[in-house]
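Student: If you want the building blocks of each chain, they are given just below.
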Amino acid sequence: MHPAFSVIFLTTLIGAGQGLFIALAIVEFYAALRLLPEHASHYYAAGSAISLALLALGLFASFFHLGHPERAWRAAAMWRTSWLSREVIVLPVMMGIAFLYGVVHLIGINPVLFSLPGNVAVPLTLLLGIIGALVAVVLYVTTAMIYACLRFLQEWHSPLTVANYTLLGLASGFTLAAAQAAFMAVELVHFLAVGAVIFTVLGFLSRTASLIRNARLKAKSTLQTATGIKHPTIVQKSQGFMGGSFNTREFFHGMSEMFVRSVKWIFLVGVFLIPTVLLLTAIFMRGDVSTVLASAFVIQYLGLVAERWFFFAQARHPQNLYYQSVA
Amino acid sequence: MTQLALVIDLNVCVGCHACVTSCKEWNTSGGAGPLVDKNAYDEDPSGTFFNRVQTFEVGEFPSTETVHFPKSCLHCEDPPCVPVCPTGASYKRPEDGIVLVDYDKCIGCKYCSWACPYGVREIDESRKEMTKCTLCVDRIYNPTLDEADRLPACVKACPTNARLYGDIHDPDSVVSVAIREAGGYQLMPEWGTKPANHYLPRRKTRITIRDEELERSDNPLKIDSKLPRPGRDEPSLDDVTSW
Numbered sequence: 003m004h005p006a007f008s009v010i011f012l013t014t015l016i017g018a019g020q021g022l023f024i025a026l027a028i029v030e031f032y033a034a035l036r037l038l039p040e041h042a043s044h045y046y047a048a049g050s051a052i053s054l055a056l057l058a059l060g061l062f063a064s065f066f067h068l069g070h071p072e073r074a075w076r077a078a079a080m081w082r083t084s085w086l087s088r089e090v091i092v093l094p095v096m097m098g099i100a101f102l103y104g105v106v107h108l109i110g111i112n113p114v115l116f117s118l119p120g121n122v123a124v125p126l127t128l129l130l131g132i133i134g135a136l137v138a139v140v141l142y143v144t145t146a147m148i149y150a151c152l153r154f155l156q157e158w159h160s161p162l163t164v165a166n167y168t169l170l171g172l173a174s175g176f177t178l179a180a181a182q183a184a185f186m187a188v189e190l191v192h193f194l195a196v197g198a199v200i201f202t203v204l205g206f207l208s209r210t211a212s213l214i215r216n217a218r219l220k221a222k223s224t225l226q227t228a229t230g231i232k233h234p235t236i237v238q239k240s241q242g243f244m245g246g247s248f249n250t251r252e253f254f255h256g257m258s259e260m261f262v263r264s265v266k267w268i269f270l271v272g273v274f275l276i277p278t279v280l281l282l283t284a285i286f287m288r289g290d291v292s293t294v295l296a297s298a299f300v301i302q303y304l305g306l307v308a309e310r311w312f313f314f315a316q317a318r319h320p321q322n323l324y325y326q327s328v329a
Numbered sequence: 170m171t172q173l174a175l176v177i178d179l180n181v182c183v184g185c186h187a188c189v190t191s192c193k194e195w196n197t198s199g200g201a202g203p204l205v206d207k208n209a210y211d212e213d214p215s216g217t218f219f220n221r222v223q224t225f226e227v228g229e230f231p232s233t234e235t236v237h238f239p240k241s242c243l244h245c246e247d248p249p250c251v252p253v254c255p256t257g258a259s260y261k262r263p264e265d266g267i268v269l270v271d272y273d274k275c276i277g278c279k280y281c282s283w284a285c286p287y288g289v290r291e292i293d294e295s296r297k298e299m300t301k302c303t304l305c306v307d308r309i310y311n312p313t314l315d316e317a318d319r320l321p322a323c324v325k326a327c328p329t330n331a332r333l334y335g336d337i338h339d340p341d342s343v344v345s346v347a348i349r350e351a352g353g354y355q356l357m358p359e360w361g362t363k364p365a366n367h368y369l370p371r372r373k374t375r376i377t378i379r380d381e382e383l384e385r386s387d388n389p390l391k392i393d394s395k396l397p398r399p400g401r402d403e404p405s406l407d408d409v410t411s412w
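Line order of the protein sequences matches chains U and W. Using our numbering, the letters of the first sequence map in sequence onto residues 3 to 329. Using our numbering, the letters of the second sequence map in sequence onto residues 170 to 412.
Note that these hints are calculated values from the structure, not bench results. These numbers come from a predicted model, not from an experiment. Possibly wrong hints are sitting among the right ones.
Simulated pairs of lysine-lysine, BS3-like, Cα-Cα distance not exceeding 27 Å [said to hold, decoys possible]: (1) W:207 <-> W:274; (2) U:239 <-> U:222; (3) U:222 <-> W:363; (4) W:261 <-> W:363; (5) U:239 <-> U:220; (6) U:239 <-> W:297; (7) W:261 <-> W:325; (8) U:266 <-> U:232; (9) W:325 <-> U:220; (10) W:373 <-> W:274; (11) W:261 <-> W:297; (12) W:363 <-> W:325; (13) W:363 <-> U:232; (14) W:274 <-> W:297; (15) U:232 <-> W:207; (16) W:207 <-> U:239; (17) U:220 <-> U:232; (18) W:274 <-> W:261.
One-sided and incomplete, this derived list gives chain W residues near chain U with beta-carbon spacing under 8 Å [what the hints assert, rightly or not]: (19) 201; (20) 203; (21) 205; (22) 223; (23) 254; (24) 278; (25) 287.
Where a beta carbon is used, it is the ideal one built from N, C-alpha and C, also for glycine.
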């Protein structure tokens, strides 16, 4: 497939935004359980603002993928059958919750709605945070299922796709949360950086598993099934035209094998190795770790852009069988 | 239920591209607007087509066979491109099984083209809408056309009658008979899309001619030719006898 940067930015930006929101909700939840100290509400407000900004940037990027962005509202119609439609519905819901969560923290009117046994008060923001975190997980699933549901794109048609989108989004979100905490709530850095390491390592495991799986894939479609001619030797002599077409642009990345392989190693180093080293450094280092964590997030994010590029480039669409030869 | 479809006879197709140009001509003149040809006369031209004829070489030289392979939307009975469409622009008509795009609803996200294993959907680069074979839905029901012209443009154009058109759910239709009796098959059956369009395989066409069929033992011509030809001024058989 030809990697579209609009989709690459959409999935990586909202992934980090959702991860950051989940990190905030977990911090608030733990604070309510008195496992973590209480935090000033401006910390949460700033965090949800960053999360909202990432979600909005992702949404903005997605419009560049559309031929008719002015009709985008129609995309909510087919939620019964289309994962894309479901994502289109869940993303604004996620943004709305992140917005409300930030506003309630910002203006400080945060009534306790009810109490749980053990004298755990549940204020409005905690409830919003938990709902938002669940919605964020749903959004990961809807985003990943857009790709995972296409059964003949065998590289994508796997539960590992959902695991990768979720874990890599959580990893970058927690790294960003740790970086934000280094600037605004130093006592949280350790907790969030450990979370980021956990998700980065889990992400490494699932992404490596999908790399191994994809390397062993045997294409179900062949020239024999594509043409119905049962002969072991079939060569395309002409695809029917000599100019360009949508089919030759959209489904081929047009890069060399060497380039694609380099991108794989770049993202393995950029998403997993360097951020893990930097996060561990921040966990064990004394003093100001804000630069270390900020660079960890930036490197991991850029690595994720490479990871998403590779994700698209690696998928071999069966239609490519029909477009092998210009003559 | 009706399921209109094409059956393409690979044994007959000569790869002339008449169906391609006829399809382009009809559909670029239609109500939905032209099918763009970008840089048609410049470097790197690029066009939108609903139908392509491709050429494959089967076997190894010198025992090879050239197969011309027309490819357009197969109007699957279980089309994977339809459920993925977020707006409902891509749909399958229940009354005749044609898979169509409602251009006014299409947002140009290209997701349906990703979901089609056959690569038969092409986005129109100037209209920014997904386009595809309509089975000439604006011809086959068109009351302003003669009855004989109410056929897909590609079918009308084919000089060798390699493209058959009809309802594959009607067991007596020309397409059903062809599928049944000439070994019609579907493309990429492994994905369970149940394409309505079928292809007829290459067949060995042989006729055995024995000598007696050309020169029968009782062939009167052969006997005549052995006799001396009558002269020009001599009476012919018609002059001397009444049959």
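Student: Now look at each hint and say whether the structure bears it out.
Tutor: Going down the list of hints, with the structure as the test:
Distance check on the hinted pair: residue 207 of chain W and residue 274 of chain W sit about 24 Å apart at the alpha-carbon level, within 27 Å; holds. The suggested pairing of residue 239 of chain U with residue 222 of chain U holds, with an alpha-carbon distance near 22 Å, which does not exceed 27 Å. Between residue 222 of chain U and residue 363 of chain W the CA atoms are separated by roughly 16 Å; this keeps the pair inside 27 Å, and the hint holds. A hinted pair counts as satisfied when its Cα atoms are at most 27 Å apart, and residue 261 of chain W with residue 363 of chain W qualifies at roughly 13 Å.
Note on residue 239 of chain U and residue 220 of chain U: the hinted pairing holds, with a Cα-Cα distance of about 24 Å set against a maximum of 27 Å. Among the hinted pairs, residue 239 of chain U with residue 297 of chain W is inconsistent with the structure: their alpha-carbon atoms are about 30 Å apart, more than 27 Å. Taken as a hint, the residue 261 of chain W and residue 325 of chain W pair is honoured in the structure, with Cα atoms around 24 Å apart against an allowance of 27 Å. Distance hint between residue 266 of chain U and residue 232 of chain U is unfulfilled; the C-alpha atoms sit about 36 Å from each other, more than 27 Å.
With a C-alpha separation of about 41 Å, the suggested pairing of residue 325 of chain W with residue 220 of chain U is violated against the 27 Å cut-off. For the proposed pair residue 373 of chain W and residue 274 of chain W, the alpha carbon gap of about 48 Å is over 27 Å, so the pair is violated. For the hint linking residue 261 of chain W to residue 297 of chain W, the alpha-carbon distance of about 21 Å falls within 27 Å, and the restraint holds. Proximity of residue 363 of chain W to residue 325 of chain W is assessed by CA-CA distance (about 25 Å); at most 27 Å being required, the pair is judged to hold.
At most 27 Å may separate the alpha-carbon atoms for a hinted pair to count; residue 363 of chain W and residue 232 of chain U meet this at roughly 19 Å. Simply put, residue 274 of chain W and residue 297 of chain W have alpha-carbon atoms about 12 Å apart, close enough for the 27 Å limit, and the pair holds. Pair hint residue 232 of chain U plus residue 207 of chain W does not hold up; C-alpha atoms about 37 Å apart against a cutoff of 27 Å. At roughly 24 Å between alpha-carbon atoms, residue 207 of chain W and residue 239 of chain U fall within 27 Å of each other, so this suggested pair holds.
The straight-line distance between the Cα atoms of residue 220 of chain U and residue 232 of chain U is roughly 18 Å, inside the 27 Å bound, and the hint therefore holds. A threshold of 27 Å between alpha carbons decides the hint, and for residue 274 of chain W with residue 261 of chain W the separation of about 14 Å falls inside it, so the pair holds. A distance limit of 8 Å between C-beta atoms decides the matter here; for residue 201 of chain W the minimum to chain U is near 14 Å, and the interface restraint is violated. The restraint placing residue 203 of chain W at the interface with chain U is violated, with a minimum CB-CB distance near 16 Å, outside the 8 Å limit.
Nearest Cβ of chain U to the Cβ of residue 205 of chain W: about 11 Å, over the 8 Å cut. The hint is violated. At its closest, the beta carbon of residue 223 of chain W sits 5 Å from a beta carbon of chain U; the interface hint therefore holds under the 8 Å criterion. Because the beta carbon of residue 254 of chain W sits about 6 Å from the nearest beta carbon in chain U, less than 8 Å, this interface hint is met. This hint holds: residue 278 of chain W has a C-beta 6 Å from the nearest C-beta of chain U, less than the 8 Å allowed.
The restraint placing residue 287 of chain W at the interface with chain U holds, with a minimum CB-CB distance near 6 Å, inside the 8 Å limit.
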